[in-house]
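S.K.: The task is simple: from the sequences and hints, build the whole structure.
Top line first, the protein sequences correspond to chains A and B. Sequence positions in the first sequence follow this note's numbering and run 1 to 175. Sequence positions in the second sequence follow this note's numbering and run 1 to 175.
Treat the hints with care, as some may be off.
One copy or two, either will do: identical chains are not told apart, so a pair holds if it fits within one copy or between any two.
No farther apart than 27 Å at their CA atoms in a straight line, the calculated lysine-lysine pairs in the DSSO-like style are these [said to hold, decoys possible]:
| id | residue 1 | residue 2 |
| --- | --- | --- |
| 1 | K73 | K55 |
| 2 | K157 | K90 |
| 3 | K157 | K7 |
| 4 | K90 | K44 |
| 5 | K128 | K160 |
Since the hints were made in silico from the structure, they are not lab data.
There are 2 protein chains.
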Amino acid sequence: MKASEKKFVHLYTGNGKGKTTAAIGLAIRAAGHGMKTYIGQFLKGQLYGELTELKNHPLITIEQHGDTKCIRKEDVTQAHIDQARLGLKKVSDAMLSGQYDILVMDEINVTVWFGLLSADEVIDVLKKRPDNLEVILTGRNAPEKLINAADLVTEMKEIKHYYTQGVLARDGIER
Amino acid sequence: MKASEKKFVHLYTGNGKGKTTAAIGLAIRAAGHGMKTYIGQFLKGQLYGELTELKNHPLITIEQHGDTKCIRKEDVTQAHIDQARLGLKKVSDAMLSGQYDILVMDEINVTVWFGLLSADEVIDVLKKRPDNLEVILTGRNAPEKLINAADLVTEMKEIKHYYTQGVLARDGIER
Numbered sequence: 001m002k003a004s005e006k007k008f009v010h011l012y013t014g015n016g017k018g019k020t021t022a023a024i025g026l027a028i029r030a031a032g033h034g035m036k037t038y039i040g041q042f043l044k045g046q047l048y049g050e051l052t053e054l055k056n057h058p059l060i061t062i063e064q065h066g067d068t069k070c071i072r073k074e075d076v077t078q079a080h081i082d083q084a085r086l087g088l089k090k091v092s093d094a095m096l097s098g099q100y101d102i103l104v105m106d107e108i109n110v111t112v113w114f115g116l117l118s119a120d121e122v123i124d125v126l127k128k129r130p131d132n133l134e135v136i137l138t139g140r141n142a143p144e145k146l147i148n149a150a151d152l153v154t155e156m157k158e159i160k161h162y163y164t165q166g167v168l169a170r171d172g173i174e175r
Numbered sequence: 001m002k003a004s005e006k007k008f009v010h011l012y013t014g015n016g017k018g019k020t021t022a023a024i025g026l027a028i029r030a031a032g033h034g035m036k037t038y039i040g041q042f043l044k045g046q047l048y049g050e051l052t053e054l055k056n057h058p059l060i061t062i063e064q065h066g067d068t069k070c071i072r073k074e075d076v077t078q079a080h081i082d083q084a085r086l087g088l089k090k091v092s093d094a095m096l097s098g099q100y101d102i103l104v105m106d107e108i109n110v111t112v113w114f115g116l117l118s119a120d121e122v123i124d125v126l127k128k129r130p131d132n133l134e135v136i137l138t139g140r141n142a143p144e145k146l147i148n149a150a151d152l153v154t155e156m157k158e159i160k161h162y163y164t165q166g167v168l169a170r171d172g173i174e175r
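M.R.: And the structure:
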């Protein structure tokens, strides 16, 4: 990479499909150019296909922070909060390690929306971002403060969905 | 995969970032579950990182159809049309081969929007889709007919973009 290239904070939000997969796809695209990516996944809490597929990738590091899926605000426990805090610490360490070109905080938006972390805690980490690191934040319900902190914001907007046909999440497609 | 699982046609469109990368990420997620994906890229016409990265992947086949990037309708030539037709034929062959669980037609929406292929030609191919094949269509400016033919439609909507800060496409991020 040219040292002169400015790096950005991307944010993918919205109720549509493709937020996490766009971040994974970006890591693959970047790997094709020899760039290294760290992916920290919050709140996933189950085995997603990308973890199995990428865990031995030479240019991509992927870690799940938290082993319990949380899909409703009323289900939040202290364990979720502790796991999110530990996750943010690990992401922060990866950010400062100087090892990576791209860093993904997967589901960080919804982690903040659930109140597991504050937007300010995440922004404090973003402020420590080295100049040569591109950062991707994903998750629905992105808080205004994180949107303001991002340079590029894309809303994945659901126009039509087969959930309305009664289809549940499937291996390989939704996880 | 369970034979009883119904498969769908997804469509990613919109002016925002993440359409192609979401399709690539889905292929990676699926590979983690042992599923095979064919990706046919239309109108790319340059070396994208995903091609380099995935060309030797055991579960993902990726091919570029057409070697000339085309970004404006007025630049369309007969060569673009011929390449798009040949590409659709190859995608159709992949679809009918029975080898794949997922098939991606990358940039097919914009290929139709440019008039290189008609929506009906693409829909005729979709109609031949085996019951056990999930299909992903990507590209901005999706024609109404393709939107109607899809089960799941996501609009990647640009909310904020650094292009407005004068930043051009970069290796590993935009290509």
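S.K.: Evaluate each hint against the coordinates.
M.R.: For each hint, the structure was consulted:
1. Proximity of K73 and K55 under a CA criterion of 27 Å is satisfied in neither setting, with 30 Å inside one chain copy and 42 Å between copies.
2. In this homomeric assembly, K157 and K90 never come within 27 Å of each other (Cα to Cα): the closest approach is 30 Å inside a single copy and 31 Å across copies.
3. Taking the closest pair of Cα atoms, K157 and K7 come within 27 Å of each other both inside a single copy (26 Å) and across two copies (21 Å).
4. Taking the closest pair of Cα atoms, K90 and K44 come within 27 Å of each other only inside a single copy of the chain (16 Å); across copies the shortest separation is 37 Å, beyond that limit.
5. When the C-alpha separation of K128 and K160 is checked against a cutoff of 27 Å, the pair qualifies only between copies, where the shortest distance is 22 Å, while the shortest distance within a copy is 39 Å.
In summary, the structure is inconsistent with hints 1, 2 from the numbered list given earlier, while agreeing with the others.
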